[in-house]
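Q: Here is what each chain is made of, one letter per residue.
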Amino acid sequence: MALLEIRDLHVGVENRGIIRGVHLNVNAGELHAIMGPNGSGKSTLSHVIAGKPGYEITGGQVLFRGENLLRMEPNERAAKGVFLAFQYPVDIPGVTTTNFLRAALNAQRKARGQQEFSTPEFLKRVREVAGSLNIPQDMLKRGVNVGFSGGEKKRNEILQMALFEPSLCLLDEIDSGLDIDALRTVASGINALRSPERAMIVITHYRRLLDHIVPDIVHVMSRGRIRKSGGKELALELEACGYAQFEDAA
Amino acid sequence: MPNLKTRPDGLRESPMKQVLAKADAERATGDVFAAARGRLPGVGLVAQIRARAFDVYKRAGLPHRRMEDWKYTDLRALIGEVLPLAPRPDAEALVRAKVSAKQVAADQAVKLVLVNGIFAPELSDIGRVENGVVVRSLREVLEDSATGAMAGLVLSTTSDSAISLNAAMATDGLVITVNDGNAVKRPIQIVHVATGSSVSTYTRSYLQLGKEAHAAIVESFVPAEGASGYQANDAMIALVGDEASLSYIRVAAAASDAVNISSAIIAVGARAKLDLFSMTCSGSISRYQGFITLTGEGTKLSANGVNLVRDKLHADTTIVVDHAVPHCTSREKFRAVIDDCGRSVFQGRIVVRPAARKTDATLTSRALLLSDQAEADNKPELEILADDVVCSHGATSGALDDTLLFYLRARGLSEKDAQMLLIKAFIGEAIEGITSENLRDFVTVETERWLQARR
Amino acid sequence: MVAVQETIERVRRIDVDQYRYGFETLIESDKAPKGLSEDTVRFISAKKSEPAWMLQWRLEAYRRWLTMTEPTWARVDYPKIDFQDLYYYAAPKPKKTVTSLDEIDPEILKTYEKLGIPLREVAMLEGVEPKVGEEDPARRKIAVDAVFDSVSVATTFKAELKKAGVIFMPISEAIREHPELVQKHLGSVVPTSDNFYATLNSAVFSDGSFVYVPPGVRCPMELSTYFRINERNTGQFERTLIIADKGSYVSYLEGCTAPQRDENQLHAAVVELVALDDAEIKYSTVQNWYPGNSEGKGGIYNFVTKRGDCRGAHSKISWTQVETGSAITWKYPSCILRGDNSRGEFYSIAISNGFQQVDSGTKMIHLGKNTSSRIISKGIAAGRSQNTYRGLVTAHRKATGTRNFTACDSLLIGDKCGAHTVPYIEAKNSSATFEHEATTSKISENVLFYCIQRGLSQEEAVGLVVNGFVKQVLQKLPMEFAVEAQKLISISLDGSVG
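So the protein lines, in turn, are chains A, B and C.
The first sequence finishes on residue 250 if you use this note's numbering, and the numbering steps up by one all the way, no holes.
The second sequence finishes on residue 455 if you use this note's numbering, and the numbering steps up by one all the way, no holes.
The third sequence finishes on residue 498 if you use this note's numbering, and the numbering steps up by one all the way, no holes.
In short, the hints are calculated from the structure, not lab data.
Please note that the accuracy of each hint is not assured.
Unchecked claim - Now the stretches of chain C that chain A is said to cover, found in silico as 3 or more residues with beta-carbon under 8 angstroms:
no.	segment
1	65-77
2	438-447
Unchecked claim - Derived, one-sided and incomplete: chain C residues facing chain A with beta-carbon distance under 10 angstroms:
no.	residue
3	A164
4	R338
5	N341
6	C451
7	I452
8	Q453
9	L456
10	Q458
Beta carbons: idealized from backbone N, C-alpha and C, even for Gly.
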């Protein structure tokens, strides 16, 4: 059984079709890249998997370990191990990163029937993970993403991913707004989290990211559908010929 | 018990003061209305509306500080008496008015002149009114039995007693309609010239801007040579159609011992654009109050203004923006420059009604005090009854920034020039909101005139 | 965020109508006859064995009150109060003169236990020293002057305070024991003629706290009053007077609760603070009077006059309030900045839910040179409530070099409530620098989704964001209060998330 199984998914916003029949199987241990032009529906796909409100599911199924994901609340999905790294992480004034991480982690653990972390245990874990990602301690004391640079915000997303240990990571344009050095740091963080138990879906507009995070499978999405799937060489083909060829296939 | 003999304002747990005895002024007003009745245009329904409006006024009385909206401008205390209605201007008055009207004329504008509250066609550019625009005098409209039904609209009031008084007493004004889809090229300028002394005038105009129509209205108040101690009460009722666009600029100058009370009631349709600017720069007591209701979705409002205050001028600008429907945007910028013993009052209320989701409203009000006797009162207000909104206001007051002044002086500017430059920049923040370059220049020239007098 | 979790848990266990402090103590009480007349005033004064000057003071206030009308300018709406249908004095019937806690009616002690106010003093009074390591040494001591209905039933820690020279006692006692101090300062900040409710209070106040901190003394502990309204149809009229003499410091905590009742109860207190040269007073309030039930029935009318006078140069008064209770709140803790270089501060969290109406804010009246003030107000409206900030900042002609900074933020939860901001900003000289900013918004859906995607429930996410929103003010509270306040905030917002 695939970890994530999407069957003929149709999604709309205000009666306009955004996703128009997507099929996708993702197994544990795999890293999929979804590429496509702006408006192709690739970010919407990640939002729908995570349960962002405001979308209308007009058809199809999304199964996670065989369970109907679409029927779950977003926080239930998070507790089941679905993690979305946001393209634009929000800032939450007055709530320190540490407090936020603890509240979220313990909520997930509780939902899974696990023991909540005590404060010292939790702090120890956060420090370890933050250290491995070169995240300075003072960033943890600041309000969530408040005054963070683009790179810091994305590193904060990776920190959460490392801490929550999800089994499915959706990385929505994780490369946007990053310079090459920040991109390298973020990519190495992601690579360190690859494991046989964990699947990742990397959504990007540019091939650049895939030089640093090498995918097992590449999908090309356009106008609400996956038009072509292949190995990592597909990304190179895309760069050479652009997305236009896939538009025609519609 | 120690007694505080002189208790500064605001010490008590009450923003209000003790009840004031009804001023003699109000009794006098009753006489003025009785005396003027025969001279006021309109009979039948119009006369009934007037009588009703006067009743409303009589019950509330002259606005005073126990009325929250008039807290800082207590007309009962400030106006000793309501003066008798001004007589019709004579030939000599028209000659003086012509000179003043010319001085304030906006470039290329179609001028419509009211002298002492009476429309003066001989001073107006009636012949230059563009096709698709209909201009009539208020007197004509109120006296025309065929337009009787329109009277209720033209004589609209609110709960404000100054507006009711105006509806009761209005002698003349302009009724302008712009047809649907018509883009008026030249600005239409209404010029109010005061020529009398120790008299009061009541004018009222009505503007109806059709669907998808575009127009610019300039309203100027100016005293003629020799005019003094008069009281002007003006009202503008405007309806802005769907997808229409209106620029409305108002510049008020008055004799140094004169009173100017102007009210605007504006209702705006859907996806329209309204660009308001008001400037008060001289007189003794001035109150400008604008009530703008956004009644159609997707409308954008910009409402800016300046109070330029010197001598003993008390200038009050009060703007209420009422978001009645969803998806509208309003931006307000207000600046006050206060010199000598002047006092500037700014009240800006943003109302968001329960239905008005996705409202985006901001207001900033800043006051610059140039003298130790100057006073700035600021009351920005938010009244929010819908949750999905972004609303904010900001208000500051203070003196010119010493560091900036020094920087400019170190670069070689004289103190006066350095001040002038900073004041211009300060006022400029409000003026730059005017979309038409032509009108922006017109307002800039008016502010320059005020600034030059500072030298 | 452990506190948040705990709160949410608690909220789950109670339903909207279950006001945590809504129990009634069954004790005999000694009431004045119903209604208000000169005789009522004389009855109260006689009960307190007051000197003649005090009775005169009360009677003057009463006669003044007869000429006054209720204020109507606040954005609150309630049926007319029948002032003749209230009891103006209710005291628990004492067994004998109370000198220590163990002599107090055990029912009353139980009440305080349920309230969870610091009762470590009970043990201390009984001579039971805490075992080593049992008590967190970092926890500060709090002296409690508990007001039960209208009478201060016990004042603890008196001895230790006495050593420092601090006078902390019921004001009824102070009138007898320190008449010179009371006579000099009572009504000097809030005169008997100030406003309808303050004047009423002056006529009929039954008790309250009195604090005097001598020159140069830093009060060795936080002083605290816990107010409770118990008796039916009882107006509670406390009078608090705090005097910080030159160079002294005192921090005062006030907490309020009331039992759950269907009828509305009136609370009209007056608090006067006097800070002389270089003195500092910090006054913190957590108010969770019964707000009425989910249909808007019952609840406290909280019409309070609180004012501090920075009388001396370089003095400082700081108000911090967390207002979550009462059906109606009408309250403007203010500072008169009379002394040169004095400073006033106002930090406020006002939360309204259900049918609550809040009209609260402050006045910063700058009279002295180089005075400064700061206002941070956080309003949260939920349910069908109306929440208004009303504030005045004014600098007088001679108050040169004054500064004020004001930030008022409102958060709306749900589309049936209202949040309003009404500042009055008056600069009467050019060297006054005022800055005011205000925002109103709802919790962003993106922020909520972000939190929920990380595993928090909708309620937890709202709780988290709200606690972040008010953090700046919570930090101004003494530690013990901050924890309690944080819990209260989440409880108050229970049921607000759809």
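Q: If a hint holds in the structure, say so; if it doesn't, say that too.
A: Verification of the hints:
1. For the segment 65-77 of chain C, the assignment as covered by chain A is violated, since 0 residues bring a beta-carbon within under 8 angstroms of that chain's beta-carbons and 3 are needed.
2. Interface restraint, the segment 438-447 of chain C with chain A: holds (4 residues with C-beta to C-beta distance below 8 angstroms; minimum three).
3. The beta carbon of A164 of chain C comes no nearer than 37 angstroms to any beta carbon in chain A, farther than 10 angstroms, and the hint placing it at the interface is violated.
4. Interface restraint check: R338 of chain C against chain A, minimum CB-CB distance 34 angstroms, threshold 10 angstroms, status violated.
5. A cut of 10 angstroms between beta carbons decides the hint on N341 of chain C: the least distance to chain A is about 31 angstroms, and the hint is violated.
6. At about 7 angstroms, the closest approach between the beta carbon of C451 of chain C and any beta carbon in chain A falls short of 10 angstroms, and the interface hint on this residue holds.
7. Restraint check, I452 of chain C versus chain A: the minimum CB separation of about 4 angstroms is within 10 angstroms; hint holds.
8. Restraint check, Q453 of chain C versus chain A: the minimum CB separation of about 5 angstroms is within 10 angstroms; hint holds.
9. Taking 10 angstroms as the C-beta contact cut-off toward chain A, the hint placing L456 of chain C at the interface holds, the least distance being around 5 angstroms.
10. Because the beta carbon of Q458 of chain C sits about 8 angstroms from the nearest beta carbon in chain A, less than 10 angstroms, this interface hint is met.
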